[in-house]
Every structure is written in structure tokens, then in C-alpha cells.
Amino acid sequence: MKPMDPATDLQPMPTEHLINELQSYGVRLVDPRAGADSRRGGAGPSDHKALTLDGMTVMVPVHTAPAFESPYLVEKPDAYGRSRISRDGLVLGEVSFPLQPKFYGLSTADGIPYSKIAVLHGRDVLATTVLQTCIRYQSRTKTCQFCAIGQSLAAGRTIERKTPAQLAEVAKAAVELDGVKHMVMTTGTPPGKDRGAAILTESAAAVKAAVNLPIQVQCEPPDDDAWFARMHAAGADALGMHLEACTEEVRAAIMPGKAQVSVERYFGAFEAAVPVFGRGQVSTYILAGLGDSREDILKICDRLTRMGVYPFVVPFVPISGTPLESHPTPSPAFMNSILGPLAGMLLATGLKSIDVKAGCAKCGACSALSTYERQNSAQGGCS
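For the sequence shown, counting from 1, position 257 maps to 283 in this note's numbering; every step adds exactly one.
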């Protein structure tokens, strides 16, 4: 699909630019029930719905304030999940919705719905927050202002602690019933110096014993770098340690508790983890739009890519009920100014999302980055 751009005399809009627009402005849905269930609040991506366009499945805001006034409208889909997207009344092309996964209809032996253990992200990714609490969440002086990890727990949509046995049972069903291709395990930060690595180690081991499914684990850098080898040996194929913001000033303002783990400690952890997991199998999530400048983000991305860490840069989307629920999303132009050059860095350092074994960078649904990456690779140069 090469959608038309009403703002440029109806010239075709590149897919990567359309994704930036959809993730910035959100979409209005004629039928909010279309596709797989979406969630309000909770661990991200929340207030989104998966939408497939031009072969790329992206997570698009549908429950946010900008989405309610978005110029983009998606019609009610047909029986096959196909629909049309329009802007200000002009039809741009066809889109589709990944359907509700079959494993959502099952429950564990003790009566817990599988959807409370893990959920479908994008089109073929199983995602779970193993521990749905965090030592920083209840403190107004420590909590990450964008975080809503406690909302889905308070609403009864999940459980606080998923056991290794539960995760293994659900993962096996998701692979067999819905063809899930990889799994993301994240966690709230528990008390203790391992910062969640121990929980992820036992969880990855259980899933790998039940089903051959690539797994990415996500946590803050543990105090002891030996945890990287332990997680990898247990069955974790990829690792995410998420900076969220690049500069110490923005980190201190937006996530005062997590900022106590310095940027330099993250880089020390990256340096220790890359030899264990391999180049491109360690990644970090960077939220553009929290206050870091374009130059700040690209500077740190250059440092990351040179050491073999994949910087997954996504537009910040506010979640209802958080202190940043009214914070603006970054403009499509701002995202384009970052993702184009970043795709060039990835090409120059040999890092490719398609080579990542599991996790957010492989899925790519929360950012247009992988689309820029493919376009850049096809052109054989930097954007």
C-alpha cells in the first residue's frame, strides 16, 4: 500500500511516514471491538491496538486523547479482519487486524484465564510481565511517570506473580494454537540487587523446557554481571535493558527512582552482556518525546550501535491514569529526523531487526524503525 498524503497534493506517502503519523495522532475506530482485545492502562504497550498495513503490524494508539480527535479513521472490518483507513474522508488504503488469539479462550488448571498470564503483542509475539509490581511504583518520588504497571493488576486483568509453570503452559498453547514466533518476558523491579534477573532466569528455563520458543528477557541492569550468563544459559536468547531516556537530566525528572541506576552503569552492563548474547541480541528501549533532543538521542544511539546494542527508538505515547497522561506525543517530523539517521547507523554497524532472535526490536510494532531500516537497506545508504 502506498497511501496518499492529503497534505502534499495527494502524492503517495511512504509507509514509514504513515506509521509515524498513526503512532503520533492515533486512529479512530468505527468498531472498537475489531481485532484482538486492546487494553486500557497496565504495562505497555497499552491504550493501543495492533493494525497491519503494507505487511507491517504496528501498535497504534486508540484509547488516548489525541486518538479521539485523530484525522485517521478505520472502518469496521469484514469477516476476515480487513478494513479501510481514511484521513479526513479520503480513503488511503486497506488495513487489517490480527484476530483474537485462540489461547485467550483457555484457563489454567486452577482457573486463571491464559490472557491474565500472557498476551498477544503485534501479530505473533507473546508478552508477559512476570512480576506485576515494582519497588518504585508506589512512591511518588521514585515512580516512572509514564508507568502504569499497577493499573491492570488493580483492575483484575492480570495476576501479580506468574509462576514458571503457568508461563510454560501458556507459551506452549500460544505456539500450538496461534503460531506465536517469539516471547517477551519483562518484570517490575523487585527488592534485591538482581533487579528481576533471578525471576526471569527461572521463567525462561521453564518455558524453554516446554516449547522451543525464542525468548527476550527485560530487566534493569543487575548489580552482578554474572546474571547475564545465567539468564542466557537458562534459555534467554535476547536481553533488553531499557534506558527509556538518554540524558541524566531527563531521566531524573521523568523516572527519579530508575535514574539512580546511571547511564554509565547501563553502558557497563551492555558491555558485559553483548559478548554473552551476541551483537544485536542486546537492545534498549528509548522513548522519544520525553525531553531528550534529537541530537541527544542520536548521540547515544551512535555509541550503542558501535558496541553492538540495538537502540529501539519509539515515540512516547501517554497512558491514561499516569502523571504524563497529558504529555504530548512527538511529532511525525521529529520521529522522521531520528529514525532515518538511526537506520543508517544500523546499516553501518551490521545490526538488523530481522536478525534479532526475540523481543521488541524483532517485533518492531511500536516504532516505524524497522520500516526505515528496510528502506535504507534497499537504497544501500543513509537516510
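Read the hints as simulated data drawn from the structure, not as lab findings.
All values reported here derive from a predicted model rather than from experimental measurement.
Beta carbons are placed, not taken as given, at the ideal position from N, Cα and C, and that holds for glycine.
Keep in mind that a hint or two might mislead.
[Said to hold, decoys possible] Below are the SDA-like pairs computed for lysine to any residue, each with C-alpha atoms no more than 20 Å apart in a straight line:
#: 1; residue 1: Lys-383; residue 2: Pro-358
#: 2; residue 1: Lys-128; residue 2: Ala-231
#: 3; residue 1: Lys-219; residue 2: Ala-191
#: 4; residue 1: Lys-207; residue 2: Lys-234
#: 5; residue 1: Lys-102; residue 2: Leu-116
#: 6; residue 1: Lys-128; residue 2: Pro-103
#: 7; residue 1: Lys-378; residue 2: Pro-124
#: 8; residue 1: Lys-325; residue 2: Glu-274
#: 9; residue 1: Lys-128; residue 2: Gly-205
#: 10; residue 1: Lys-219; residue 2: Phe-293
#: 11; residue 1: Lys-128; residue 2: Pro-139
#: 12; residue 1: Lys-168; residue 2: His-268
#: 13; residue 1: Lys-128; residue 2: Val-237
#: 14; residue 1: Lys-207; residue 2: Thr-78
#: 15; residue 1: Lys-383; residue 2: Ala-298
#: 16; residue 1: Lys-378; residue 2: Met-82
#: 17; residue 1: Lys-383; residue 2: Gly-261
#: 18; residue 1: Lys-325; residue 2: Ala-285
#: 19; residue 1: Lys-102; residue 2: Asp-136
#: 20; residue 1: Lys-198; residue 2: Asp-136
#: 21; residue 1: Lys-198; residue 2: Glu-228
#: 22; residue 1: Lys-234; residue 2: Thr-189
[What the hints assert, rightly or not] Each pair of labels, with its calculated beta carbon distance range:
#: 23; residue 1: Gly-131; residue 2: Gln-401; range: 35 to 41 Å
#: 24; residue 1: Gly-115; residue 2: Glu-202; range: 39 to 45 Å
#: 25; residue 1: Thr-134; residue 2: Glu-290; range: 38 to 44 Å
#: 26; residue 1: Glu-275; residue 2: Gly-81; range: 26 to 32 Å
#: 27; residue 1: Pro-217; residue 2: Asp-104; range: 47 to 53 Å
#: 28; residue 1: Glu-297; residue 2: Pro-139; range: 37 to 43 Å
Comparing the hints with the structure gives:
Proposed proximity of Lys-383 and Pro-358 is contradicted: the alpha carbons are some 29 Å apart, above 20 Å. Proposed proximity of Lys-128 and Ala-231 is contradicted: the alpha carbons are some 25 Å apart, above 20 Å. As the CA atoms of Lys-219 and Ala-191 are separated by approximately 25 Å, the hinted pair breaks the 20 Å bound. Among the hinted pairs, Lys-207 with Lys-234 is consistent with the structure: their alpha-carbon atoms are about 13 Å apart, no more than 20 Å.
Only pairs whose Cα atoms come within 20 Å are accepted, and Lys-102 paired with Leu-116 is accepted, the gap being roughly 16 Å. Restraint check: the Cα-Cα separation between Lys-128 and Pro-103 comes to about 19 Å, which is no more than 20 Å; the hinted pair holds. With a CA separation close to 24 Å, the supplied pair Lys-378 and Pro-124 exceeds the 20 Å bound. For the suggested pair Lys-325 and Glu-274, the alpha carbons sit about 14 Å apart, so the restraint of at most 20 Å is met.
As the CA atoms of Lys-128 and Gly-205 are separated by approximately 10 Å, the hinted pair is consistent with the 20 Å bound. Distance restraint check for Lys-219 and Phe-293: the Cα-Cα separation of roughly 17 Å lies within the 20 Å cut-off, and the hinted pair is therefore satisfied. For the hint pairing Lys-128 with Pro-139, the CA-to-CA distance comes to about 12 Å; that is within 20 Å, so the pair holds. Restraint check for Lys-168 and His-268: satisfied, since their Cα atoms lie roughly 17 Å apart, inside the 20 Å limit.
Straight-line distance between C-alpha atoms of Lys-128 and Val-237 comes to about 17 Å, which keeps the hinted pair within the 20 Å bound. Among the hinted pairs, Lys-207 with Thr-78 is consistent with the structure: their alpha-carbon atoms are about 17 Å apart, no more than 20 Å. For the hint linking Lys-383 to Ala-298, the alpha-carbon distance of about 19 Å falls within 20 Å, and the restraint holds. Of the pairs offered as hints, the one joining Lys-378 and Met-82 holds, with about 16 Å between alpha carbons and a cut-off of 20 Å not exceeded.
Pair hint Lys-383 plus Gly-261 holds up; C-alpha atoms about 12 Å apart against a cutoff of 20 Å. For the hint pairing Lys-325 with Ala-285, the CA-to-CA distance comes to about 19 Å; that is within 20 Å, so the pair holds. Among the hinted pairs, Lys-102 with Asp-136 is inconsistent with the structure: their alpha-carbon atoms are about 37 Å apart, more than 20 Å. The suggested pairing of Lys-198 with Asp-136 holds, with an alpha-carbon distance near 17 Å, which does not exceed 20 Å.
In summary, the hint linking Lys-198 to Glu-228 is supported, as the alpha carbons are separated by about 16 Å, within the 20 Å threshold. Proximity of Lys-234 to Thr-189 is assessed by CA-CA distance (about 14 Å); at most 20 Å being required, the pair is judged to hold. Here the CB-CB span from Gly-131 to Gln-401 is close to 39 Å, well matched to the stated 35 to 41 Å. At about 44 Å, the CB distance of Gly-115 to Glu-202 agrees with the hint of 39 to 45 Å.
Taken as a hint, the range 38 to 44 Å holds for the pair Thr-134 and Glu-290, whose Cβ atoms sit roughly 43 Å apart. One distance hint, 26 to 32 Å for the beta-carbon pair Glu-275 and Gly-81, is violated here, with the actual separation near 40 Å. A beta carbon spacing of about 50 Å between Pro-217 and Asp-104 agrees with the range 47 to 53 Å that was offered as a hint. The hinted range of 37 to 43 Å is satisfied by Glu-297 and Pro-139, whose Cβ atoms lie roughly 41 Å apart.
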